[in-house]
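> Work out the full structure, taking the sequences as your base and the hints as a guide.
These protein sequence lines are chains P and G, in that order. 1 is the number of the first residue of the first sequence in this note's numbering; add one for each residue after it. 1 is the number of the first residue of the second sequence in this note's numbering; add one for each residue after it.
It is possible that part of the hints are untrue.
No copy is singled out in the list; a pair is fine if it fits within one copy or between any two copies.
[Stated by the list, open to error] Below, a list of computed lysine to aspartate or glutamate pairs in the DMTMM-like style, where the Cα atoms sit at most 20 Å apart:
#1 K197 to E29
#2 K3 to D27
#3 K94 to E108
#4 K103 to D85
#5 K103 to E130
#6 K182 to E29
#7 K103 to D10
To be clear, the hints were calculated from the coordinates, so they are not data collected in a lab. Predicted model only: the values in this text are computed from it and were never measured.
What follows is each chain in one-letter form.
Protein chains: 2
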Amino acid sequence: MMKVFLVDDDSSVRKALTRLIRSAGYDIETFASAQEFFKSKPEAAGVACLVLDVRMPGLNGLELQQALRAANVTIPIIFITGHGDIPMSVNAMKAGAVDFLPKPVRQEALLPAIEQALARASRQDAEAAELIQIERRLDTLTPREREVMALVVTGMLNKQIAYELGTVEKTIKVHRSRVMEKMQVSSFAELVRLAEKVGIPEQNRSPGTSARR
Amino acid sequence: MMKVFLVDDDSSVRKALTRLIRSAGYDIETFASAQEFFKSKPEAAGVACLVLDVRMPGLNGLELQQALRAANVTIPIIFITGHGDIPMSVNAMKAGAVDFLPKPVRQEALLPAIEQALARASRQDAEAAELIQIERRLDTLTPREREVMALVVTGMLNKQIAYELGTVEKTIKVHRSRVMEKMQVSSFAELVRLAEKVGIPEQNRSPGTSARR
DNA sequence: TCCTTTGTTGGACTAAAGTCCAATATACAG
DNA sequence: CTGTATATTGGACTTTAGTCCAACAAAGGA
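Written out as structure tokens, the structure reads:
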């Protein structure tokens with residue numbers, strides 16, 4: 001892991017930056033166009049960042065940034081460009097770019113940017129991995145268990161939940177215990193924190209009078 | 001509330017932008033220098049944003065941005081400049097600027113930026129107000145109660161906490177109940193969430209064997 | 001010195017939550 | 001039709017947590 005993708009239509013730039021980035025100890029993979037990169041499944045690259053030329057024939061760098069965002073690919077991007085202007089750089093940064101460097105690219109600027117981008121990628125990756133873990137557990141819950149969990153983490157008492165769901169306290173206890181087991185937590189505090197992370201009480205439960213028996 | 005501060009050493013710019021901003025329905029207050037603005041207690045301005053010229057005699061805009069950050073003043077900043085370059089704009093954005101607009105400033109660029117900046121200020125203000133509320137309650141806790149709260153929100157049982165703190169379960173119950181009361185929560189789930197917001201288990205408690213009796 | 005705050009603890013319960021073992025009822029897939 | 005997953009419930013307890021009343025000790029201030 002720790003991979004750097006480089007997308008630039010100028011082969012001499014690719015050659016020079018490849019040498020630089022490789023000598024800094026990173027894995028590097030280059031592409032001559034945004035389309036080519038986009039087809040390479042960058043979402044599966046693990047911890048990686050993207051050094052991206054702005055002006056290219058076909059899809060340009062900023063458009064690729066939008067396309068990646070639209071595809072939910074969160075790889076950190078460092079733009080490089082020979083003919084940029086302020087609005088362009090500002091837009092790129094607003095859209096989440098790590099840096100925006102004028103060409104010719106100085107290694108004292110590029111290498112720290114890459115380091116920072118990879119650090120960000122690493123955090124994002126860890127965060128995403130944790131969320132996936134949690135959602136995987138959530139997927140093992142039955143619909144009823146999910147309902148119970150959503151109410152439990154609000155702090156409601158079992159008897160209140162039972163009334164809300166039109167059943168009895170005993171049943172809630174059973175569901176609740178299965179929720180704890182399936183979510184792999186050993187304390188209620190942990191369950192609350194898990195629920196916070198995935199934003200659990202987000203389901204629009206019908207307000208007011210719900211199903212009674 | 002909803003105030004716009006404008007800092008620019010050029011009085012004709014101040015005049016023109018004041019008219020524009022006022023006509024858009026915002027309160028505006030202008031300053032001819034960064035120092036002047038800095039002395040005006042901007043941290044107490046409520047929901048507000050700052051339109052800031054980069055190049056000024058004395059403290060320049062970017063330096064003011066750093067000074068504000070150092071002073072923990074989080075007012076959103078929109079830079080305006082007549083002689084900017086890409087690295088300058090990128091640095092400003094990295095440091096959290098909302099936008100970075102070239103002069104002459106077009107109102108179609110400035111007004112949306114102000115709107116966005118004020119929206120951000122509003123969120124920050126709400127967030128800060130909530131944290132202050134919580135910390136105010138935390139301040140009413142005795143040292144011991146804080147310790148107990150920190151352990152309680154990890155999900156430990158009263159008896160475990162008692163062992164950890166070298167006392168008995170009964171004592172923990174008392175502290176715990178006072179914590180709930182002083183923090184003004186009616187459920188354990190709420191307490192856990194409050195603790196999350198202020199990052200409660202952050203105190204470096206001595207690891208391993210702690211105080212026994 | 002006297003009072004307040006803080007930290008403790010006991011007794012006596014009540015309430016809530018959790019556990020084990022069992023048993024029904026329904027819907028659905030094979 | 002039969003087995004499985006889901007949802008439900010009872011009984012019988014055990015553990016935990018919470019509540020009310022009372023009391024005591026040490027530290028610090030007024």
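> Indicate, hint by hint, whether the structure satisfies it.
Going down the list of hints, with the structure as the test:
no. : hint         : result
1   : K197 to E29  : neither (34 Å within a copy, 41 Å between copies)
2   : K3 to D27    : within (5 Å within a copy, 49 Å between copies)
3   : K94 to E108  : between (23 Å within a copy, 17 Å between copies)
4   : K103 to D85  : both (12 Å within a copy, 13 Å between copies)
5   : K103 to E130 : neither (38 Å within a copy, 45 Å between copies)
6   : K182 to E29  : neither (41 Å within a copy, 57 Å between copies)
7   : K103 to D10  : within (12 Å within a copy, 33 Å between copies)
Consistency with the previously given hints fails for numbers 1, 5, 6, ordered from lowest to highest.
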